[in-house]
Amino acid sequence: MLKNYFKVALRNLSRNKVYAFINILGLGLGLAITILVFMFVKDETSYDKHWHGYDRIYRTGIKADMMGQKMDGPSSPSPMAQSFRTEFNEVETATRFQPVRQEIMMRQEQNKVYIQKGVYADSSFFKVFDYEFAHGNAESALNEPNAIVLTEETAKKLFGDKSAIGEVVNYDNRRDYIVKGIVKEPKGHSHFHFDMFMAQNQIENIWISNNFYTYFRLKENTNFADFEEKMKANFMKKIEPNVEAFLKINIEEFFKQGNSFEYQLQPITSIHLHSQKQWEIQQNGNIIYVYVFIGIAVLVILIAGINFMNLSTARSGKRAKEVGVRKVTGASRKMLIVQFLTESVIQSVLALFLAFILVELFLPGFNNVMGTELNLFNDYLWQTVLFSVGVTLFYGIFAGSYPAFFLSSFKPVSVLKGDLTKTKGGAFLRKSLVVTQFAASIILIIGMIIIFQQISYLHNKDIGFQGDQVLIVPIQTDQMQQNFRNYKDIFLKNTNVHGVSRASYFPGDNPWQNMYVLEGTEDQIPLWNMFVDFDFFKTLDIQLSEGRLFDLEKDNDSIPTYILNEAAVNNFNIQNPIGKRMGTFIDMEGNIGYGEIIGIVKDFHVEGFDQPIRPMILSVSNNVWFTAFKIAPEDMNATITYIETEWNKLEPTHPFRYRFLDDKFGELLKQQENFGSMFLYLTILAIIISSMGLYGLASYTAEQRTKEIGVRKVLGASVGQIMNMLNRDFMKLVLIANIFAWPISYLLAKDWLSNFSYQIDMPLLPFVFATLIALIIALITVSTQSYVAANSDPVDALKYE
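According to our numbering, the stretch in the sequence shown is residues 1 to 801, in order.
Incorrect hints may appear among the rest.
To be verified - Estimated spans, in silico, between C-beta atoms of each pair: (1) Arg-581 - Gly-166: 13 to 23 angstroms; (2) Asn-205 - Pro-364: 47 to 57 angstroms; (3) Gln-479 - Thr-641: 18 to 28 angstroms.
Since the hints were derived computationally from the structure, they do not count as laboratory data.
Idealized CB from N, CA, C, for every residue including glycine.
The whole structure should be built from the sequences, with the hints applied where relevant.
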């Protein structure tokens, strides 16, 4: 019996090749996208789950609001990890570390290698994060002050094939380290990645200086809520003396002034997708994008499934007489149900095989756009297969259920009397599915347009500085840093070098923050501070709003002068700021050193557009390590070669390295651009799938009305009139779909845009444009079939059936 079911199913597929092709290809594309998104979600949610006891590892952070300036970062003070280890019985172990924010030149004899990601870590680091040691001892690897641990890849770069344990490596011509361990790459993804680990166990007992990242692992069966409450109370007592020393008020007065400050705990497994805080170790993923891709996958598989169901229900009605004959010859309802479900499941299984082929074809492009390294044959292959089979069987059974249960319920006499394809129930179901399908497509089109409008807005937004043709070059030796002002003229001799300056960091980096006080007031003002050299504003073309800029003849490093941005003046309501004095703490006793405010500059962006422009204070310093060269657009390669040649004369021990400032700042938008590109591709695929289903349904509709078309042509109807008759019903369905698509799209787009501090106003154009695109696609798709039907010979049409 089962063999007969398969024979009949395959025979029907061969008789209806076009519909079978549309069904299988459409569902195959939908399944391929769903599988890709499933793999992406599994990959994104796997971060930091390979560490021992990962469900008990937490990261500390601070959340504060001081004078309206909000801070929310994962930083913590130096003594916190030690406090966790010694004062909390609930803590199994704890560590703290401090990433190096720039690449470092490491030297082993004559071999020089730049290491991108280094970190200073205490001796407990490998107790919290259980890296597998290829050589060395995790318990003692970072105990000594000059100890260093390398990854296998870094060790190979420095030492080749020889053993590195016990060997000396030099840190940037400044310090020697002894290799105490070699670790293998972690087995899974993590929200941080380091190439070398340098020992740093010295503790400064200052609780309001947050320059470290602290992690700890709780003991099993610890009540987290009780522990968190205990931790907050303990640490708040520790910061009280520092608050009184620096702010000259007690902690109660600090809170009464409307300020807030608290320590937070975050599970390590939630960091990658749920943490977009200031001073993250590296750029994390975003749970919003995961939700969006899941939503897209649901819409795409919904569209593909609707195609599958629509064509299955439409074609099944043509087999009404077959059902009648089978019933007359003794077939039971159960046998008919199994027959229809078997045919539907066979098609969906064929679509699944096609889907896996498409996944392999799509993966390189997906990885390239999203910056991932997904592979179908990975550790969770069986989960992917089970998920895919589950979705496939669901659609096979769901799509086949309507014809199976509906047709099998008819009485043989009623069925053999005529065609049942024109039942009202079947027509209403198909129309409802078409409306749902186009509503999903319109939602995707509207979303795609709004995403690209937002990205275009951010690209074209005035960022307050000119990053074009600006080279950022790191200074790598003390001599170069101390004497750089004497070397500037060497570079400016080239007429294509229009400006040279330096800064402690540049747009695209993480800014720093400190507390300042305006002379004559007691309020502490949190400002993001930047140290710059002379000509900084000229080099980056940052506009002066009021006062003057730093002047080599008037200003120097010993007597501070300050320039504020407009956000600092406006946020803190500083009246007539020019000439006023502002100060910051200069020692641990809370003494303040003051400097004069000499100028106000226009606001300029440093961070990404998900953050507002911070209130900033800038001062002159010679102790800055990043150089900016503004060069002419003409002969850029020759100009860069000139800068490199002269630089290498001044700093011969280190290779010349540079990058363009606009590229550096542009990386802040990379995640949004990748998201937008992938959204575009998935939307196009969804439209293709939708069009394929509409084409099949239009073909079926034209076939169903063949005799009516013949009669109309005999009575004088033109080709245009017949096409209009066939197209009109589908156009109505598309317009009805907009009634559902527009409000859903508005709510989703509004929620997504809320993640940006700078965003477009919700425009009407994407909604209108999406409707027009849907109408045009539907019109073209349906017209290809209605044109053929309208031009058919009426004699053949009247002979039909």
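Notebook entry, point to check: Per the hint of 47 to 57 angstroms, is the separation of the Cβ atoms of Asn-205 and Pro-364 within bounds?
Noted result: 53 angstroms, holds
Next item on the list: Check the following: the C-beta atoms of Arg-581 and Gly-166 are separated by a distance inside 13 to 23 angstroms.
Entry: Violated, at about 56 angstroms.
Notebook entry, point to check: How does the Cβ-Cβ distance of Gln-479 and Thr-641 compare with 18 to 28 angstroms: does it lie in that range?
Noted result: 23 angstroms, holds
In summary, the one numbered hint that this structure violates is 1.
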